[in-house]
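Engineer: Line by line, the protein sequences give chains A and B.
Sequence positions in the first sequence follow the working numbering and run 1 to 473.
Sequence positions in the second sequence follow the working numbering and run 1 to 96.
Derived by calculation from the structure, the hints in this document are not laboratory data.
Certain hints may be false.
What the hints assert, rightly or not - Partial pick of chain B residues on the chain A-facing surface, computed with a CB cut under 7 Å:
#, residue
1, F36
2, I58
3, A61
4, F62
5, H63
6, I76
7, F88
8, R92
Positions of the beta carbon are idealized from the N, C-alpha and C atoms, including for glycine.
This is what each chain is made of:
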Amino acid sequence: MSWELVAGLETHVELSTKTKIFCSCTTEFGGEPNTHCCPVCVGLPGTLPKLNEKVVEYAVKAGLATNCSIRNISKMDRKNYVYPDLPKAYQISQYDKPLCEGGYVELNSGKKININRIHIEEDAGKLVHQRGDIYIDYNRGGVPLIEIVTEPDFRSMDEVVEYVEKLRLIMKYTGVSDVKMQEGSLRCDVNISVRKQGEKKYGTRTEIKNMNSINFIAKAMEYEFRRQIDVLESGGEIEQETRRYDSGLNITESMRGKEDADDYRYFREPDLVTISISDEQIDRCKKSLPELPQQRLKRFVEVLGLPVDDAELLIKYQKVADYFEEASAGVESPKTVSNYILSQIFRRFSTESEKEEFNISIPPEYLSVLVILAEKKKITSQVARNTLEKMLDEGKTALSFISEEDMQGVDEDDLRRLCQEAVDANEKAAAEYLAGKEKAIGAIIGFIMKYSKGKADAALAAQIVKEIITKEI
Amino acid sequence: MVGKDDILKIAKLAKLSVDESKIDELTKDMGEIIEFANTINTAVTNVESEDFDEINNIVNAFHQDEIAESYDRELILKNREGGLDGYFFVKRRSEK
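Chain A extracted, bound-state conformation:
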């Protein structure tokens, strides 16, 4: 009998506030160690935390964007554990009254991954281990996080990967986080267990901590899934524990026995007052939400007529999708704009983060004009492609590169003469076409485009060439 994977995810998302959750130190990434610190965020006795209002607003937005209900009354709690990354020996988090509860993220299959809760908390400092000594940098200590906790609804690695990608996009679109995984702005803990297919009871779970790459999450789960099956099939038992993923060795290894909530001795944070959010405030947050990625995808497909794959690629990078929308204004076929972006323009970017940044030398209206010229048959698609390359190189308008001659194209009589010459010069290709090899016509069209310097209308040329070849039989 085969084994089934059961997994749940805890995702920590760093919020894009300017200041930390309980003090006014900057949240800027990097910086010399311990230069973004004050007595509050290094936990000196006698200091008092004060909650950042923006943190509450961002968490509520994240909750609404993931279909959660928002608590009108909420509070902060202390989660006690002793580790050098926490100078107070407790983390201020939320226990029994999180800001958001009961949401979901829908996968492409229609399956809903249920979100149990979203709560706010402070990030811990960063530890650098060297030969057993520990160097501590508290710049990150107190940076605001939301933790998004799902139910154990995942049954495959693919579902986890899709969920993380969707969640990342939602957080990015709502503007609550820059979700730069390489900078640790989105980190996942995966709870994973296995059970025999058809069984109702969950197996003992392990937790793999702190992964900041979708690729690592998939690999770590794959390894842990196999490991647990091997242990059970050889008669062993799974220990409830926390494990870490070693990406170099592609293994998970035990860190410590897993704590339960009781071990953390949660109690209400006495230094922070109740958080009260009115229905009006929740409504305001709801109204301020932008169009979310899935809604945008649907609109690109249903209203703008893009193929789903193209639309998915565009919405994956928010700036690209914005650019596409602006460049599509006034054009007949948004698909043409999308084609230029996804082929010619994307070729200039080799990494994901370059696509994410989408630093491009021409504003969207320049591309729009080029597409309109091609649509109105003022220039051929070949001229349009060549022109776009020059525009991208020099950051200038289409008209800076298109000559009057380009705009004139090739009139139909001249084109017919050129087609006849092309067929005569490519007898072999014409014969192959007649014999049923459709692609052979490409050589003839290539000849025409070469001798017209790319100005001939390729579609019309193909039509004329076919007429000539079939007439000559």
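Since the structure of chain A is already known, use the hints to place chain B on it.
Structural biologist: Leaving out everything else, chain B in the frame of chain A:
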């Protein structure tokens, strides 16, 4: 119930020396302190924790999202003998 062993254990943890002749008295005192602390259990029944704030009508004490200058690192590290290379430093525990 606090016993003599508890007093000795607390004294050891707190690195305090305790005069043998004072132990009975300390045991009695500590018992009374614990007894007093226990009265809080009777005081908070049926009260939601956030109701406490309603006594003073204090909710939503927020700070605005505006950056203030952080402290000089020297000052931040002062409690840890200046740290090491700008970091708080925890030396490896000896293998004893």
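Engineer: Next, verify each hint and record whether it holds.
Structural biologist: Against the structure, the hints:
1. Using the Cβ-Cβ criterion of 7 Å, the hint placing B:F36 at the interface with chain A is not satisfied: the shortest such distance is roughly 19 Å.
2. With its C-beta approaching chain A no nearer than about 5 Å, B:I58 sits inside the 7 Å limit, and its interface hint holds.
3. Given hint, B:A61 at the interface with chain A, holds; its Cβ is 5 Å from that chain's nearest Cβ, closer than 7 Å.
4. Taking 7 Å as the C-beta contact cut-off toward chain A, the hint placing B:F62 at the interface holds, the least distance being around 4 Å.
5. Restraint check, B:H63 versus chain A: the minimum CB separation of about 4 Å is within 7 Å; hint holds.
6. Among the interface hints, the one on B:I76 holds; its C-beta lies about 5 Å from the nearest C-beta in chain A, closer than the 7 Å criterion.
7. The interface hint given for B:F88 is met, as the beta carbon of that residue sits about 4 Å from the closest beta carbon of chain A, less than 7 Å.
8. At about 3 Å, the closest approach between the beta carbon of B:R92 and any beta carbon in chain A falls short of 7 Å, and the interface hint on this residue holds.
When held up to the earlier numbered hints, the structure conflicts with hint 1 and nothing else.
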